[in-house]
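Sequence order for the protein chains is E and W.
So the first sequence is numbered by my numbering: it starts at 1 and just counts up by one.
So the second sequence is numbered by my numbering: it starts at 1 and just counts up by one.
Everything labelled a hint here was simulated from the structure, so no lab data went into it.
Glycine included, each C-beta is placed from N, C-alpha and C at the ideal position.
Each hint should be verified, as a subset may be incorrect.
Under the rule of at most 35 Å between Cα atoms (straight-line distance), these lysine-lysine pairs were calculated in the DSBU-like manner [unchecked claim]:
no.	chain 1	residue 1	chain 2	residue 2
1	W	3	W	107
2	W	56	W	111
3	W	3	W	17
4	W	41	E	13
5	E	13	W	107
6	W	68	W	107
7	W	111	W	3
8	E	13	W	3
9	W	3	W	41
Some, not all, of what chain E presents toward chain W, calculated at C-beta under 10 Å [claimed, not checked]:
no.	residue
10	14
11	17
12	44
13	54
14	64
15	102
16	103
With the Cβ distance kept under 8 Å, some of the chain E side facing chain W (calculated, not the full set) [said to hold, decoys possible]:
no.	residue
17	69
18	98
19	99
20	101
21	104
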Amino acid sequence: ETGVTQSPTHLIKTRGQQVTLRCSSQSGHNTVSWYQQALGQGPQFIFQYYREEENGRGNFPPRFSGLQFPNYSSELNVNALELDDSALYLCASSLTSSEQYFGPGTRLTVT
Amino acid sequence: ELKVEQNPLFLSMQEGKNYTIYCNYSTTSDRLYWYRQDPGKSLESLFVLLSNGAVKQEGRLMASLDTKARLSTLHITAAVHDLSATYFCAVDYMDSNYQLIWGAGTKLIIKP
């Protein structure tokens, strides 16, 4: 059984650019959630996808968008990057609303 | 909107002591989670608490949930250095859509 993987591990972007982060869910999991964690703070829920449909969203602007694919892998897209978007981005997979398994995260730096 | 508060936010304790971390939330929820995070690492699931009165134990950690009081506790028994980490609680919240709301975390340092 493979765990949750994320790519890339680190990324540096310039303000105004766009970024795509990727997540491969744990085998058999049909739900994926994305979180933003700024340094020294708790995670902030961005959104959740269940069977390719968004079924939950936190207080993030529309420039944060996502996709879940038929194989349950997922992408997080962020447009018009701002300095405050610098953070660790975590994805987590689960089977419906059960225990979530987190990936190692992608560290995004916006300059 | 649901708010989740943890206290204390920082805790330094000696090995062998017992202590409790508290997680309060402001509105009704059916599900509460506890996670652990080591510095620079991702999150590790510790407990999922699904109902009032739920109690779960793993090693030196025990978590409980009182949905009427909107309170969960994470109790540490005879702490050891390896338990040093930041502990987060998180609560399912549903109004017009689903969210998972997190506490700010409790940074636990256990001194030998």
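How the hints compare with the structure:
| no. | hint | verdict |
| --- | --- | --- |
| 1 | W:3 / W:107 | 19 Å, holds |
| 2 | W:56 / W:111 | 26 Å, holds |
| 3 | W:3 / W:17 | 30 Å, holds |
| 4 | W:41 / E:13 | 22 Å, holds |
| 5 | E:13 / W:107 | 30 Å, holds |
| 6 | W:68 / W:107 | 27 Å, holds |
| 7 | W:111 / W:3 | 31 Å, holds |
| 8 | E:13 / W:3 | 32 Å, holds |
| 9 | W:3 / W:41 | 25 Å, holds |
| 10 | 14 | 25 Å, violated |
| 11 | 17 | 25 Å, violated |
| 12 | 44 | 7 Å, holds |
| 13 | 54 | 9 Å, holds |
| 14 | 64 | 14 Å, violated |
| 15 | 102 | 4 Å, holds |
| 16 | 103 | 6 Å, holds |
| 17 | 69 | 20 Å, violated |
| 18 | 98 | 7 Å, holds |
| 19 | 99 | 5 Å, holds |
| 20 | 101 | 7 Å, holds |
| 21 | 104 | 5 Å, holds |
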